[in-house]
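Protein chains in written order, with our numbering: chain A, 1 to 116; chain B, 1 to 114.
In case anyone wonders, no lab produced these hints; they're calculated from the structure.
Built from N, CA and C at the ideal position, the CB exists for glycine as well.
It is possible that some hints are incorrect.
[Stated by the list, open to error] Okay, derived cross-link-like pairs now, DSS-like style, lysine-lysine, Cα gap no bigger than 27 angstroms in a straight line:
| id | chain 1 | residue 1 | chain 2 | residue 2 |
| --- | --- | --- | --- | --- |
| 1 | A | K41 | B | K1 |
| 2 | A | K98 | B | K101 |
| 3 | A | K41 | B | K101 |
| 4 | A | K55 | A | K98 |
| 5 | A | K66 | A | K20 |
| 6 | B | K17 | B | K1 |
[Said to hold, decoys possible] DEER-style ranges, computed between Cβ atoms:
| id | chain 1 | residue 1 | chain 2 | residue 2 | range |
| --- | --- | --- | --- | --- | --- |
| 7 | B | D39 | A | S83 | 27 to 35 angstroms |
| 8 | B | S58 | A | P40 | 29 to 37 angstroms |
| 9 | B | D69 | A | S9 | 40 to 48 angstroms |
| 10 | A | C13 | B | S58 | 23 to 31 angstroms |
If you want the building blocks of each chain, they are given just below.
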Amino acid sequence: GAVVSQHPSWVICKSGTSVKIECRSLDFQATTMFWYRQFPKQSLMLMATSNEGSKATYEQGVEKDKFLINHASLTLSTLTVTSAHPEDSSFYICSAIKPYSNQPQHFGDGTRLSIL
Amino acid sequence: KNQVEQSPQSLIILEGKNCTLQCNYTVSPFSNLRWYKQDTGRGPVSLTIMTFSENTKSNGRYTATLDADTKQSSLHITASQLSDSASYICVVSPHETSYDKVIFGPGTSLSVIP
Numbered sequence: 001g002a003v004v005s006q007h008p009s010w011v012i013c014k015s016g017t018s019v020k021i022e023c024r025s026l027d028f029q030a031t032t033m034f035w036y037r038q039f040p041k042q043s044l045m046l047m048a049t050s051n052e053g054s055k056a057t058y059e060q061g062v063e064k065d066k067f068l069i070n071h072a073s074l075t076l077s078t079l080t081v082t083s084a085h086p087e088d089s090s091f092y093i094c095s096a097i098k099p100y101s102n103q104p105q106h107f108g109d110g111t112r113l114s115i116l
Numbered sequence: 001k002n003q004v005e006q007s008p009q010s011l012i013i014l015e016g017k018n019c020t021l022q023c024n025y026t027v028s029p030f031s032n033l034r035w036y037k038q039d040t041g042r043g044p045v046s047l048t049i050m051t052f053s054e055n056t057k058s059n060g061r062y063t064a065t066l067d068a069d070t071k072q073s074s075l076h077i078t079a080s081q082l083s084d085s086a087s088y089i090c091v092v093s094p095h096e097t098s099y100d101k102v103i104f105g106p107g108t109s110l111s112v113i114p
């Protein structure tokens with residue numbers, strides 16, 4: 001079964017709205033989670049690394065004030081797209097690493113964000 | 001520059017047929033290579049992982065190969081099913097635990113038709 005849950009799976013909102021996406025690890029504690037963005041027919045692009053209890057590490061070119069990340073607990077990271085515009089429309093995917101295991105990173109099922 | 005390339009970009013095959021997807025990489029150093037399956041509108045799911053010393057890894061009808069000398073990998077799907085329709089992504093890691101450094105290929109979109 002799924003080990004990483006992402007919510008919502010799909011959101012449509014007006015331009016200027018802020019949208020929060022949640023990523024939860026279901027049966028393990030994840031000190032580190034990752035947020036990706038995926039455009040149609042393109043591969044995943046890492047946006048930021050979310051660290052529990054500390055600031056997220058953003059990849060070059062990703063606006064930290066635009067994409068707010070909060071990793072307040074060991075099982076939850078949130079990505080807030082602030083003042084969203086149509087160009088922010090994309091598929092956002094999170095992943096988490098199960099500590100002390102050889103398992104690959106577990107991905108959530110993604111959030112389809114459509115800004116009108 | 002670290003890169004992962006995949007071919008073909010897209011593929012259509014008849015149900016029951018076999019197919020092989022290719023992955024070439026120029027990542028260095030190299031720790032492991034993974035193949036993921038991503039259904040439309042879903043997150044990627046791991047199929048196989050291979051390290052430098054492994055040549056072949058199977059997972060049911062999926063068989064991955066790795067040639068670390070030529071930096072090539074393939075994913076062979078046997079007796080394809082309609083549910084195999086998805087994007088297959090090759091992912092290369094330069095370090096075992098540096099997940100923020102992994103490089104994703106662009107994927108191969110596979111369509112299995114009846």
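Evaluated hints:
no. : hint                              : result
1   : A:K41 / B:K1                      : holds (22 angstroms)
2   : A:K98 / B:K101                    : holds (17 angstroms)
3   : A:K41 / B:K101                    : holds (21 angstroms)
4   : A:K55 / A:K98                     : holds (20 angstroms)
5   : A:K66 / A:K20                     : holds (12 angstroms)
6   : B:K17 / B:K1                      : violated (36 angstroms)
7   : B:D39 / A:S83: 27 to 35 angstroms : holds (32 angstroms)
8   : B:S58 / A:P40: 29 to 37 angstroms : holds (31 angstroms)
9   : B:D69 / A:S9: 40 to 48 angstroms  : holds (42 angstroms)
10  : A:C13 / B:S58: 23 to 31 angstroms : violated (44 angstroms)
Of the numbered hints given earlier, the model fails hints 6, 10; all others are met.
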